[in-house]
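Peer 1: Each chain, letter by letter, is given below.
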Amino acid sequence: MADGNPPMDEGRIRWRRAGAMLAAAAAAGAVLVVLTAQGILAAQFAISGVPFTVTSTRLDGTGFEQFGFFDSMTPNSPNASNCLGAATANQGNCGGTVLVAVSAIKSATLSDLCQSVNLGGTNLKITAGGGGRPVQATTLVVDSDLLTGDATFNNIAIGQDASTFTEVPGVTGPPGDFGQQADSVTITNLRQDNFATTAAAFSLPGLTLTFSDTGC
Amino acid sequence: MMGRAWRAWSHWRRSRPFWGGLLVLVGAAEILVTEVVPLRVILHLGPEGIAGYLLPIVMLVCGFLLWFNPEQRLFYSILSVLLSLGTWVTSNLGGFILGMVLGVVGSSLAFGWQVPKRTTEKSVPH
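Going down the list, the protein sequences come from chains X and S. Just so we're aligned: the first sequence equals residues 1 to 216 in this note's numbering. Just so we're aligned: the second sequence equals residues 217 to 342 in this note's numbering.
If you're looking for bench data, these hints aren't it; they were derived computationally from the structure. Where hints are given, some of them may not hold.
Claimed, not checked - Partial selection, computed: residues in chain X whose CB lies under 8 Å from chain S:
1) D9
2) E10
3) R14
4) W15
5) A18
6) L22
7) A27
8) A28
9) A30
10) V34
11) I40
12) L41
13) L124
14) K125
15) L146
Note that the Cβ used here is the ideal one computed from N, Cα and C, for glycine as well.
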């Protein structure tokens, strides 16, 4: 209290005043949730470091890049040796770095999107994009250690140096890195185990957010 | 001694929107936790990721300012209620709703906090 201001008198909460603010904020919050659920407003996900699963019956994207990359853990990371949460195929690659495939899509639509995060004991599950109203995403960049599905590419260039990629503005790999890029991509029955992701914007029509015993 | 310290603490607590500020702080921290805590992997943040951190950090600052500059609580509480709502869009759906709700409730409590008006005497003249 050495800030020079006169000491405040003791006060109390006026519940009617607080309640008015709360009601206004709750109304605004409800509008946000509804707008997001209708796909008008894009919600941003920045879940970093926690592995999560994404599935979709159909992904259509324009502007596609993919290249291998090593994600580094923080120095002396407690997870460096046990690789908690990494897919089985990656267990041998632990010890500070994890091999991932970086997939970047400039503009994507996904039908029947399901995203689940294992929180230990329960799963936070988000579904959206059903009923013919697909999820829209821009500059979608995911680091996956598992990606399965049936893919079709248009104008694909395989083996191009990842540092020279142009399909997704602002996303390139390190020089000398093997990669591929394509004008457009269609993947059906997509399933990704994403080890990490950078921020991406989604609009989520038909958003449902639940806690579930099973993931996607 | 203990009683004296407790009374001082109680006075400190009552002379500012303590619970409102606390809930805003906890909410902001929870949102940041959903974004950064596992920290198993160093990520490259694009410009889109900045707002995700900026909003809860400014919320955190608002929470502290509610405590240490309670005279301006009206401004801080309105700002932090808007920031809390904004994190729905920018930060993991408001820290998966929880942080957003804590921030909104905390801001409302701080907004509702008032010092009773003194009608008898204002200050003692020197």
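Peer 1: In ascending order, which of the hints set out earlier in this document are inconsistent with the structure?
Peer 2: 7, 9, 10, 11, 14, 15
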